[in-house]
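There are 2 protein chains.
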Amino acid sequence: MSQFGFTLLHTDPHSQARRGQIQTRRGTIETPVFMPVGTLGTVKGMLPETLKEEGAEIILGNTYHLFLRPGHELVARLGGLHQFMNWDRPILTDSGGFQVFSLGKLRKITEEGVRFQSHIDGSSHMLTPELSIAVQETLGADIIMAFDECIPYPSTRDYVASSTALSGRWARRCKEARRSDDGAALFGIVQGGMYADLRKQSAEELQEIGFDGYALGGLSVGEEAAAMYDMMEAALPLLPADQPRYVMGVGTPENLIEGVARGVDMFDCVMPTRNARNGVLFTNFGKVVIKQARYAEDPLPIDPDCDCYVCRHYSRAYLRHLYQNNEILAAMLHTRHNLHYYLGLMAGARDAIAAGRFTEYRQEFYRRRQPESAA
Amino acid sequence: MSQFGFTLLHTDPHSQARRGQIQTRRGTIETPVFMPVGTLGTVKGMLPETLKEEGAEIILGNTYHLFLRPGHELVARLGGLHQFMNWDRPILTDSGGFQVFSLGKLRKITEEGVRFQSHIDGSSHMLTPELSIAVQETLGADIIMAFDECIPYPSTRDYVASSTALSGRWARRCKEARRSDDGAALFGIVQGGMYADLRKQSAEELQEIGFDGYALGGLSVGEEAAAMYDMMEAALPLLPADQPRYVMGVGTPENLIEGVARGVDMFDCVMPTRNARNGVLFTNFGKVVIKQARYAEDPLPIDPDCDCYVCRHYSRAYLRHLYQNNEILAAMLHTRHNLHYYLGLMAGARDAIAAGRFTEYRQEFYRRRQPESAA
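In order, the protein sequence lines correspond to chains G and C.
Numbered as in the working numbering, the first sequence ends at 403 without a single skipped number.
Numbered as in the working numbering, the second sequence ends at 403 without a single skipped number.
The hints are simulated quantities; they were obtained by calculation from the structure and are not laboratory data.
Among the hints, erroneous ones may be present.
You can't tell identical chains apart in this list, so a pair holds if it fits in one copy or across any two.
Claimed, not checked - Straight-line alpha carbon distances no greater than 35 Å define the calculated DSBU-like cross-link-like pairs of lysine-lysine that follow:
1) Lys-80 / Lys-203
2) Lys-319 / Lys-136
3) Lys-136 / Lys-228
4) Lys-203 / Lys-133
5) Lys-80 / Lys-319
Please take these sequences and the hints and turn them into a complete structure.
Right, here's the structure in full:
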């Protein structure tokens, strides 16, 4: 606890954008930050050293996946998740809730928690707020998340209200369950679906409980971007300015820019890594879908303005060749480029906020995108 | 031509082992050398820079595969294979013969060449000695191979004799077909199956034609190791001492040590890279099959005596976890370790020959292997 903190360095005069630093027991994270997702103890296709070269300061681990494979206690016996995966910078773990709720008919929600069947072998498990916290602490994460229900979209107001209330009760149990001797920071998660008043209610309730930071959950679940931004605007101003704010599972480059403009400090999303493996590459001018025949003989790099390792050494034609032949190197190079883009987008935002020119940065972001590629 | 050469630095007094250097237009190769296989313009799962770090001085490209995908002319328009794949050290290409003959019923041999159907789309192609050389030159390889028939094992003496004669006529056509202005070295390939006298005949015929180096083909095709070594002993002493000798598609670590002892300078094999992707790891004490349950909680590296990046940072338990979950990083790390082992085995052999202690090196190799792991 004592090692965790947040320092607000700059606030943009024309938006809610914030430039800050999160202090953790494993070092400082410059915000706003994008956190690559390392589901099973690896950011797919990336060496830890390469992640660092590309500027990753914190990565995610997925509690649900690591709980099932290889098991959090095995990871602990091997020295914890950091040692297990050779990553000495901060790790944030989710609560497992999102994955469990994604199981659909394979899970059942009660006041106690969620009973679910493993997607791997069908074995039955009960995930409770207490177990989620214990698993995350056992893994050795530096920032852990309260266990909540990720509300499907669309949902009725009644469903959202009762689910948000349940998540509130679970949040309290998470706070009580945490080990006093564990140095991890615990974040609460604001729910409330697409209802601004329920978001507000949730944000207030969580602050009464008191957390080290606050996240917005249940976004990027199928709603329009405008609804997402509305929910950010409804909830973020209610959260304490001197603590970090995290929007979970978000999002597109545009979502990140708009989230920063609304005061978000932390983002995570599988988009840059998953899209990379599917041959969809992010650039300042929009997406490049590398399998397209137009790239078959294209000697240009993915993005002629990009200075990443991939763009310095490889043509679109080569990357398309690798992708068409399912070469491992395609996933490696595409992931590296996409993370360079996402991490660079955030680094640029940090510099812009510090220099008082975030509005220009945001305008430039839209100006450079070609119309057909706009999200 | 003028840039290609071979310098014999040391000869082991107690065996035929040779320490030498091959000069190419793209730099010097220390021999004996192991050449990692980069079938489709990538050594699967390895960055070119990582290959260099692990000591690779030359890699292979497969003419058959590159001819079909993405096509040699496309590669040439993009600056040649080196630029295409970001590799500035020497490349050796095979002739395409091995892959074409592996197609079985999809190919038909005539005096002119081989008509075959693409394994990808069934399209019909004719590969001739002339086309093989043109494709290899077009790719920009530094060492190119004569087009020959890789004789199946077992085969009758009559079949081997007539096939070897055909390969001899094709070898002559390859020599005539090569462009005088191309700087690539051309190697002939000794055939003769498992018949020592036919090997001898082939070796003599090829020398009459005259090549920059000589390879032994048609080994490691299912024969006993003893038969392979017999063929090396039959053919290698007949080849010119001042030119490099290459045994194609070989082999296990034991095959490499025994090949070196018999005077082989160059090896290539998919074994370290393909086995890596299948979770089979090479060590000084034998193979580690990483999926085995015994490694589930094993905190040791693959090989406690290995100083490679993988063994310095990752446990068997972590690698097993990655492998069991089909993580890309498993292929990356396993390939890196296995190539480190193969390249290190050859570096050790070079040092040992230079120091006049190759016999001890060979004994030590066998002494360290555990009985159950012996090949």
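Status of each hint after checking the structure:
1. For the identical chains of this complex, Lys-80 and Lys-203 are intra-copy neighbours only, at 32 Å inside a copy versus 51 Å across copies, given an alpha-carbon limit of 35 Å.
2. Taking the shortest alpha-carbon separations for Lys-319 and Lys-136, only the inter-copy value of 33 Å comes in at or below 35 Å, while the best intra-copy value is 41 Å.
3. For the identical chains of this complex, Lys-136 and Lys-228 are intra-copy neighbours only, at 27 Å inside a copy versus 75 Å across copies, given an alpha-carbon limit of 35 Å.
4. With identical chains, the CA atoms of Lys-203 and Lys-133 are at most 35 Å apart within one copy only, with a shortest distance of 29 Å there and 68 Å across copies.
5. With identical chains, the CA atoms of Lys-80 and Lys-319 are at most 35 Å apart both within one copy (29 Å) and between copies (29 Å).
When the structure is compared with the earlier hints, no violation turns up for any of them.
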